[in-house]
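**Student:** Sequence:
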Amino acid sequence: MQMLKEILNHGLNSLNKMKDELQRKYKVINMMITMHSILHQRFKTKSLVGNIFFLLTAIILNVFIFFDFDYLSFTGFSIDKIKNIVAVTSFLIFLLSVVFMLVEWSKKSEQHLQAINQLSRLLNELRSLLKIENSALLSNKSELFDELYNQVNETIPKIPDRKFNYLKARHYNKVEISKFIDKHKGKPYFVIRILFFFEKTFKSKEN
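Numbering (our numbering), first residue to last: 381 to 587.
FYI, nobody ran anything at the bench for these hints, they're computed from the structure.
Treat the hints loosely; a few may be bogus.
For each label pair, taking beta carbons as the anchor points, the in silico distance ranges come out as [to be verified]:
hint: 1; residue 1: Phe570; residue 2: Tyr546; range: 23 to 33 Å
hint: 2; residue 1: Val478; residue 2: Thr581; range: 41 to 51 Å
hint: 3; residue 1: Lys463; residue 2: Phe577; range: 17 to 27 Å
hint: 4; residue 1: Phe577; residue 2: Leu472; range: 19 to 29 Å
hint: 5; residue 1: Ile465; residue 2: Leu435; range: 17 to 27 Å
hint: 6; residue 1: His564; residue 2: Val478; range: 46 to 56 Å
hint: 7; residue 1: Leu482; residue 2: Glu513; range: 25 to 35 Å
hint: 8; residue 1: Ser477; residue 2: His564; range: 43 to 53 Å
hint: 9; residue 1: Glu484; residue 2: Arg542; range: 15 to 25 Å
hint: 10; residue 1: Lys567; residue 2: Leu482; range: 45 to 55 Å
hint: 11; residue 1: Arg542; residue 2: Lys580; range: 37 to 47 Å
Derived EDC-like pairs: lysine to aspartate or glutamate, alpha-carbon spacing no greater than 20 Å straight-line [said to hold, decoys possible]:
hint: 12; residue 1: Lys511; residue 2: Asp400
hint: 13; residue 1: Lys543; residue 2: Glu490
hint: 14; residue 1: Lys565; residue 2: Glu484
hint: 15; residue 1: Lys565; residue 2: Glu579
hint: 16; residue 1: Lys407; residue 2: Asp562
hint: 17; residue 1: Lys405; residue 2: Asp526
hint: 18; residue 1: Lys405; residue 2: Glu579
hint: 19; residue 1: Lys397; residue 2: Glu490
hint: 20; residue 1: Lys521; residue 2: Asp541
hint: 21; residue 1: Lys538; residue 2: Glu579
hint: 22; residue 1: Lys407; residue 2: Glu490
hint: 23; residue 1: Lys399; residue 2: Glu505
hint: 24; residue 1: Lys407; residue 2: Glu484
hint: 25; residue 1: Lys397; residue 2: Glu484
hint: 26; residue 1: Lys511; residue 2: Asp526
hint: 27; residue 1: Lys397; residue 2: Asp526
hint: 28; residue 1: Lys543; residue 2: Glu484
hint: 29; residue 1: Lys426; residue 2: Glu401
We put the CB at the ideal spot given by N, CA and C, even for glycine.
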């Protein structure tokens with residue numbers, strides 16, 4: 381009887397340890413999703429702004445091809461000088477477009493989006509694992525999950541070291557806001573944001 385209890389306790393301890401490790405990975409993956417979401421949106425915005433900028437400048441420069449520069453005589457510049465300014469501007473825009481292609485903001489945005497999708501699948505898999513109450517089955521499933529976990533971490537883009545702490549702080553702030561929303565259900569989001577700001581500001585000063 382005593383031996384049976386020891387076996388059961390050992391199995392329960394083993395199950396709890398595995399679940400603790402899975403919970404830790406759950407938090408890590410959740411944080412990584414937030415980080416990649418921020419970077420995806422940031423690169424997407426940069427790419428969109430860049431595309432709009434070069435589209436507008438291309439339209440403006442094309443207009444100047446058929447433009448009568450005599451209409452710009454009020455600027456005090458000669459026609460030749462205006463043409464030179466347009467030519468230099470066109471060259472600078474061309475250089476900027478080359479730089480824009482080299483930084484590949486659109487590609488980086490897509491890579492972070494793919495990382496979000498892969499990590500989200502891992503998170504869903506983890507939710508299923510955490511429901512398992514059989515230690516032997518959980519051990520087997522956890523080993524398979526670890527292989528997938530390591531594989532995904534090797535393929536997704538790395539978070540830059542210089543941005544890691546900032547993105548980590550953004551994630552924890554997101555978690556705190558989520559908890560704050562749960563405490564103030566039914567209130568408009570902008571009201572919750574104001575309350576959250578005042579609570580964090582004045583409570584931190586008091587502490």
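**Student:** Take the hints in turn and mark each one as holding or not.
**Tutor:** Evaluated hints:
The hinted window of 23 to 33 Å between Phe570 and Tyr546 holds, with their beta carbons roughly 25 Å apart. Between Val478 and Thr581 the beta carbons are some 45 Å apart, a value that agrees with the proposed interval 41 to 51 Å. The hint said 17 to 27 Å for the Cβ distance between Lys463 and Phe577, and at roughly 54 Å that hint is violated. With their beta carbons about 42 Å apart, Phe577 and Leu472 fall outside the hinted range of 19 to 29 Å.
Checked against the given bound of 17 to 27 Å, the beta carbons of Ile465 and Leu435, roughly 21 Å apart, stay inside it. In this structure, His564 and Val478 meet the distance hint of 46 to 56 Å, their C-beta atoms being roughly 50 Å apart. Hint check: Leu482 to Glu513, Cβ distance near 53 Å, so the stated range 25 to 35 Å is violated. The hinted range of 43 to 53 Å is satisfied by Ser477 and His564, whose Cβ atoms lie roughly 48 Å apart.
Distance hint check: the CB atoms of Glu484 and Arg542 are about 19 Å apart, consistent with the given range 15 to 25 Å. For the pair Lys567 and Leu482, the supplied restraint of 45 to 55 Å holds, since their beta-carbon distance comes to about 47 Å. Checked against the given bound of 37 to 47 Å, the beta carbons of Arg542 and Lys580, roughly 25 Å apart, lie outside it. Between Lys511 and Asp400 the alpha-carbon distance is near 13 Å, which keeps this suggested pair within the 20 Å criterion.
Using a Cα cut-off of 20 Å, the hinted pair Lys543 and Glu490 holds, with the two alpha carbons roughly 19 Å apart. At most 20 Å may separate the alpha-carbon atoms for a hinted pair to count; Lys565 and Glu484 exceed this at roughly 42 Å. Restraint check: the Cα-Cα separation between Lys565 and Glu579 comes to about 16 Å, which is no more than 20 Å; the hinted pair holds. Pair hint Lys407 plus Asp562 holds up; C-alpha atoms about 19 Å apart against a cutoff of 20 Å.
Taking the CA atoms of Lys405 and Asp526, the gap is about 10 Å. The hint holds against a cut of 20 Å. Under the criterion of a C-alpha separation no larger than 20 Å, the hint pairing Lys405 with Glu579 is inconsistent with the structure, at around 30 Å. Straight-line distance between C-alpha atoms of Lys397 and Glu490 comes to about 37 Å, which puts the hinted pair past the 20 Å bound. Note on Lys521 and Asp541: the hinted pairing is violated, with a Cα-Cα distance of about 32 Å set against a maximum of 20 Å.
Restraint check: the Cα-Cα separation between Lys538 and Glu579 comes to about 34 Å, which exceeds 20 Å; the hinted pair is violated. Note on Lys407 and Glu490: the hinted pairing is violated, with a Cα-Cα distance of about 24 Å set against a maximum of 20 Å. Under the criterion of a C-alpha separation no larger than 20 Å, the hint pairing Lys399 with Glu505 is consistent with the structure, at around 13 Å. With a CA separation close to 30 Å, the supplied pair Lys407 and Glu484 exceeds the 20 Å bound.
Simply put, Lys397 and Glu484 have alpha-carbon atoms about 43 Å apart, too far for the 20 Å limit, and the pair is violated. Distance hint between Lys511 and Asp526 is fulfilled; the C-alpha atoms sit about 17 Å from each other, no more than 20 Å. Proximity of Lys397 to Asp526 is assessed by CA-CA distance (about 15 Å); at most 20 Å being required, the pair is judged to hold. Proximity of Lys543 to Glu484 is assessed by CA-CA distance (about 19 Å); at most 20 Å being required, the pair is judged to hold.
Under the criterion of a C-alpha separation no larger than 20 Å, the hint pairing Lys426 with Glu401 is inconsistent with the structure, at around 38 Å.
The structure fails hints 3, 4, 7, 11, 14, 18, 19, 20, 21, 22, 24, 25 and 29 (numbered hints given earlier, in ascending order).
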